[in-house]
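J.: In case you want the letters, here they are:
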Amino acid sequence: MTELIVKNGFVYDPLNRIDGERMDICIRDGKIVKSVKDKAKVVDASGMVVMPGGVDIHSHIAGGEVDTGRLLRPEDHVKDVEVKTAVTRSGVGFSIPSTFTTGYRYSKMGYTTVMNPSMAPLQARHTHEELSDTPMIDKGTYPLLGDWWISLEHIRDGLLEENAAHIAWMLKATRGYAIKIVNPGGLEAWGFGRNVHSLDDQVPNFGITPREIIRGLCKVNTMLNLPHTIHLHTNNLGQPGNYVTALESMKCVEDLARKDKPVLHITHIQFCAFKGEDWGRLKSGAEEIANYVNNHSHVTLDMGQVVFSDTTTMTADGPFQFGLYHLTGNKWVNHDVETETSGGIVPFTYKRSSAVHATQWSIALEIMLLVKDPWKVFMTTDHPNAGPFFYYPKIFAWYISKKAREDMLKKINKRARKRSLLPTIDRELSLYELAIVTRAGQAKALGLKDKGHLGVGADADIAVYNINPERADPAKKFVSARKAFDRAAYTIKDGEVVVKDGKIVKQVFGKTYWVDVECARNHCRTTRARADAKIKKKFKDYWTVEYENYPIREGFLHSSAPVAVKAEI
Amino acid sequence: MKVITGVTCPVCGTFCDDLEIVLDDKNKIIEARNACAMGAAKFLNYSTHRTKTPLIRKNGELVEATMDEAIEKAAQILVDAHYPILYGWSNTCCEAQRVGVELVEEVGGVMDNTATVCHGPSILGVQAAGIPSATLGQMRHRADLIIYWASNPWDAHPRHPERYSMFSDGRFEKSSWIKYLSKLRGEMSKKKIQRASNLVLKKDFCFAPCHEEGLPCSMYTKNRRTIVVDVRKTRSADAADCFLQVEPGKDYELLQALRVLVNDGELDVDEVAGIPVETLEDLADVLIGCKLGILFFGLGLTMTKGKHRNIDAAINLTRDLNNRTKFLIMPMRGHYNVTGVNIVTTWQTGYPFAVDLSNGYPRYNPGETSAVDILCRDESDAMMVIASDPVAHFPRAASKNIAKHPLIAIDPEVTPTTMLADVILPPAFVGIEAEGTAYRMDHVPLPLKKVVEPPEGFISDQEILRRILQKVRELKKRDMD
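Chains as they are written, first to last, in the numbering used here: chain A, 1 to 569; chain B, 1001 to 1481.
Derived from the structure by calculation, the hints contain no laboratory data.
This one's a predicted model, so the numbers in the text were calculated from it and none came from an experiment.
Idealized CB from N, CA, C, for every residue including glycine.
One or more hints might be untrue.
Said to hold, decoys possible - Simulated crosslink set (EDC-like; lysine to aspartate or glutamate; CA at most 20 angstroms straight-line):
#	chain 1	residue 1	chain 2	residue 2
1	A	Lys-79	B	Glu-1368
2	A	Lys-537	B	Glu-1106
3	A	Lys-506	B	Glu-1368
4	A	Lys-331	B	Asp-1320
5	A	Lys-538	B	Asp-1169
6	B	Lys-1002	A	Asp-541
7	A	Lys-536	B	Glu-1020
8	A	Lys-540	B	Asp-1320
9	A	Lys-538	B	Glu-1106
10	B	Lys-1174	A	Asp-541
11	A	Lys-537	B	Asp-1169
12	A	Lys-538	B	Glu-1162
To be verified - With the C-beta cut set under 8 angstroms, the calculated list includes, among others, these residues of chain B facing chain A:
#	residue
13	Asn-1263
14	Gly-1265
15	Tyr-1351
16	Val-1444
Claimed, not checked - With beta-carbon atoms standing in for the labels, derived distance ranges:
#	chain 1	residue 1	chain 2	residue 2	range
17	A	Thr-85	B	Thr-1066	50 to 58 angstroms
18	B	Lys-1026	A	Thr-85	45 to 53 angstroms
19	B	Glu-1379	A	Glu-518	34 to 42 angstroms
20	B	Glu-1281	A	Asp-541	56 to 64 angstroms
21	A	Ala-564	B	Phe-1172	34 to 42 angstroms
22	A	Asp-541	B	Asp-1204	44 to 52 angstroms
23	A	Arg-553	B	Gly-1457	25 to 33 angstroms
24	A	Arg-553	B	Thr-1066	30 to 38 angstroms
Just chain A, same shape as in the assembly (with noise of 0.2 angstroms):
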């Protein structure tokens, strides 16, 4: 029996309304519990802020796309070396660390929960295999399912429980934990070089619209009672004037919603809220998604905040990576995946002297500062694609600081400070706020349960960042702040000391969720039976690879964390 305590912190733990209370955390076996013995092993947190360890909802870390990414670039790891250590092994980082590196590098910033948003079915074992050598943190990943043809054509023939049957298949057959949609119909689109450019084009050869494809999956989601909603990266991505289509792609779930509960997620807003006819024009449409936001409960959103910074973008949205690869002359990597999806990778420098660049770099900080509820909007940059990850902590001085921002506003492009509407935003987010953006909230709208607070009965991943509240305004000293959140003080992991002084003491390895679906009538049973079946037969026709090799054996991963859940057909 491990036991230790973290005392004397400011402890802030928003899904517990903690708000900066100076009090004592208590770990028992990797969990929390209401108290300990003498004897147990002393934190010192005292004059430091206590938060539960940090919760990233989309981070590209591990699988075929990041590792291609990373083949790609031996000039992004030439700059950034990590040499090995008594407990540490080598890598190489920036925009694409390698696993053990990039393990360790969000370790150091107190983060302990990282998603891994976007998998290749067919390549899930590829994911695995990289999560696995990631240490330090737990994880998940998302399948990708928006363009599966077994998907399409149930959406399209209007057989929703069939489709649910086949995708509680997929989840576990890929141990994913949350359903991903990428460009939907694009993507098949794009298997013949194509594209769809609304939510009501029809997909070639599939008779279906991504309206469709977006509100099928959503009621898959719901009849499946998914711990995280669908997690969306609209049609139109990157494109001026696409603020539309974000908003369509909300409106066209409205009426799905139950009760106050989320039914989609969309992910990096920044790049679905251009406003513009053309990128000469390119305006924010931040008000607008803000707007909406505030008035409607079923959607979160994260930020895909923009860092000036040399950069790698990697997303399943092959045709837009297409349209980078024109519009940079970059070197491209395009990776359709049979029967599933597809994928691409361009190198990519954001400037603080391109109009365009800066606009997107207000646009996220915008968004965030604008939409008065911190519990629908998370903090990410959707490393590496809006820039790397290890930049977080000079996103929360930008939130905690309008000073962080001004400075930051003196140096960018004139025409885009201009119409920046941050000189107007004064809001700064508190401490609190900070810890629903980075961790509570996001944890929540994963459902994951155990992580992201500190109450009795969470696992004991717990972050101590050296900034004291009574003594400095972080608004005010957002430098000293920035470099807290940069090293934590402490980084605790399943009740373990992991980090110290933002140096890697422990190496240990996490777990990987995954959702185990089990049906909750007989009924449910039968048309998975079935669906199983029908898989089986269409295997050959549809996929290089046999049904028998395509599942992957839960005890593949290093360290397997099902997550049970009934669904409710």
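Given chain A's structure and the hints, the job is docking chain B onto it.
T.: What follows is chain B alone, placed relative to chain A:
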């Protein structure tokens, strides 16, 4: 008798996973259904000439040893070395490769794999230009134009055409198998008529070519069409609709010429690489006019004059074609799990091959940190070879220097490399006697099955490497104390 289905073949990058291995009552493999000649040969004969025990060289002779003795000797060699190369990796599974990187890091050596003498230039090409590609099912479902350039699947990837390209059936495109049979029948008839008329008319008779120049008529049909570009007419070329013979060493010019044409430019010469420009103009039209084209390429591009520049040109041609239609490109990876070791090494170190970990962090500079180059400069002082046979394939100057220094070999068979080794550790055959994960040429990961038990005392590559790593750590600690 037992039949094990869904077995992944452990031979080439085609990774057929539909093999059915038949075992007799004594659990010996007696048949490998669906396998090509290479796959069948491996499953039926893998054990015939294998090394039966670990061996250590004493007084110039290889003598039997226990696994523990061999591991101790191997670990000692690695610990004593200043700049060891740990090379090969392609004939084993990802689980072993993962331990391998950790071992190389622990001993401060160089991690290199067979891509260094194979598709390394392809990787360099990708690092320069990217790569528009897909998984093989996309070709099966959608490709109506297939090009094998400097690649001879008939010999090297026998089931590739029937599983993924010209002889496969997809959702949107059907197999051109019947077209090929008709072509064969037509040619056989032609030969018969020619022979008969020569006998009767007592003079040489030849059919006039059905087209003066340019591409064969079948290139303009709607169904799947195949082009083979090679320096010689191979069996793959016989099966194709169109064969273009390129002058040796001139692939680069040909690729760039096609780029000019595809981008609406004009060529001022009459021929390029031995092919008339009119034919190339027709070819450019065919390339642009297809629904989805795929360019499979092999060692004829990576290991001839130009090397990675050839690949660069091929990738750029594919990129240019994407402005007009949908076009993809894929290297025909051959050596079992070489794709896997590139993938594993990249995720653990950031780089796919030729990774120098001697300074405690990954460094990558092919030409400086690649095995052949290090060996030719005689800069390494020990080598561990696993799951490959460099002495059979490397330039003689490099192999000479392999022989100069201590050599560890982890290989189940007797090879030129093992014959030079100071320690031989024979493992179980992964994919037959041990499980694992491996990657197909298009980066799709597949499970390797254990079909039979290994002989008594034989352990997997993974286990051998783990024990060597453990011993290395013990020896290093002992040295420090």
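J.: It remains to establish, for every hint, whether it holds in the given structure.
T.: Here's how the hints hold up against the structure:
For the hint linking Lys-79/A to Glu-1368/B, the alpha-carbon distance of about 18 angstroms falls within 20 angstroms, and the restraint holds. Between Lys-537/A and Glu-1106/B the CA atoms are separated by roughly 48 angstroms; this puts the pair beyond 20 angstroms, and the hint is violated. Our distance criterion of 20 angstroms between C-alpha atoms is broken by Lys-506/A and Glu-1368/B, whose separation comes to about 35 angstroms. Only pairs whose Cα atoms come within 20 angstroms are accepted, and Lys-331/A paired with Asp-1320/B is accepted, the gap being roughly 12 angstroms.
With a CA separation close to 14 angstroms, the supplied pair Lys-538/A and Asp-1169/B stays within the 20 angstroms bound. For the given pair, Lys-1002/B sits about 27 angstroms from Asp-541/A by alpha-carbon distance, which is inconsistent with the 20 angstroms threshold. The suggested pairing of Lys-536/A with Glu-1020/B holds, with an alpha-carbon distance near 17 angstroms, which does not exceed 20 angstroms. Distance hint between Lys-540/A and Asp-1320/B is unfulfilled; the C-alpha atoms sit about 33 angstroms from each other, more than 20 angstroms.
For the hint pairing Lys-538/A with Glu-1106/B, the CA-to-CA distance comes to about 47 angstroms; that exceeds 20 angstroms, so the pair is violated. Proposed proximity of Lys-1174/B and Asp-541/A is supported: the alpha carbons are some 12 angstroms apart, at most 20 angstroms. Straight-line distance between C-alpha atoms of Lys-537/A and Asp-1169/B comes to about 16 angstroms, which keeps the hinted pair within the 20 angstroms bound. Taking the CA atoms of Lys-538/A and Glu-1162/B, the gap is near 19 angstroms; set against the 20 angstroms cutoff, the hint holds.
Interface hint status for Asn-1263/B: violated, as the beta-carbon distance to the closest one in chain A is roughly 14 angstroms, over 8 angstroms. The criterion of a C-beta within 8 angstroms of any C-beta in chain A is not met by Gly-1265/B, whose closest approach is roughly 18 angstroms, and the hint is violated. Evaluation of the Tyr-1351/B hint against chain A yields a held restraint, the C-beta minimum of about 6 angstroms falling below 8 angstroms. At its closest, the beta carbon of Val-1444/B sits 6 angstroms from a beta carbon of chain A; the interface hint therefore holds under the 8 angstroms criterion.
The hinted range of 50 to 58 angstroms is not satisfied by Thr-85/A and Thr-1066/B, whose Cβ atoms lie roughly 35 angstroms apart. Between Lys-1026/B and Thr-85/A, the C-beta spacing of about 52 angstroms keeps the proposed range 45 to 53 angstroms intact. Remark: the range hint 34 to 42 angstroms for Glu-1379/B to Glu-518/A is contradicted by a beta-carbon distance near 60 angstroms. The supplied range of 56 to 64 angstroms is broken by Glu-1281/B and Asp-541/A, whose beta-carbon atoms lie about 38 angstroms from each other.
Checked against the hint of 34 to 42 angstroms, the C-beta distance between Ala-564/A and Phe-1172/B comes to roughly 40 angstroms, which is consistent with it. Checking the proposed 44 to 52 angstroms range against Asp-541/A and Asp-1204/B shows it holds: the Cβ atoms sit about 50 angstroms from each other. Look at Arg-553/A against Gly-1457/B: about 27 angstroms separates their beta carbons, and that is inside 25 to 33 angstroms. Taking 30 to 38 angstroms as the suggested C-beta distance range, the pair Arg-553/A and Thr-1066/B conforms, at roughly 33 angstroms.
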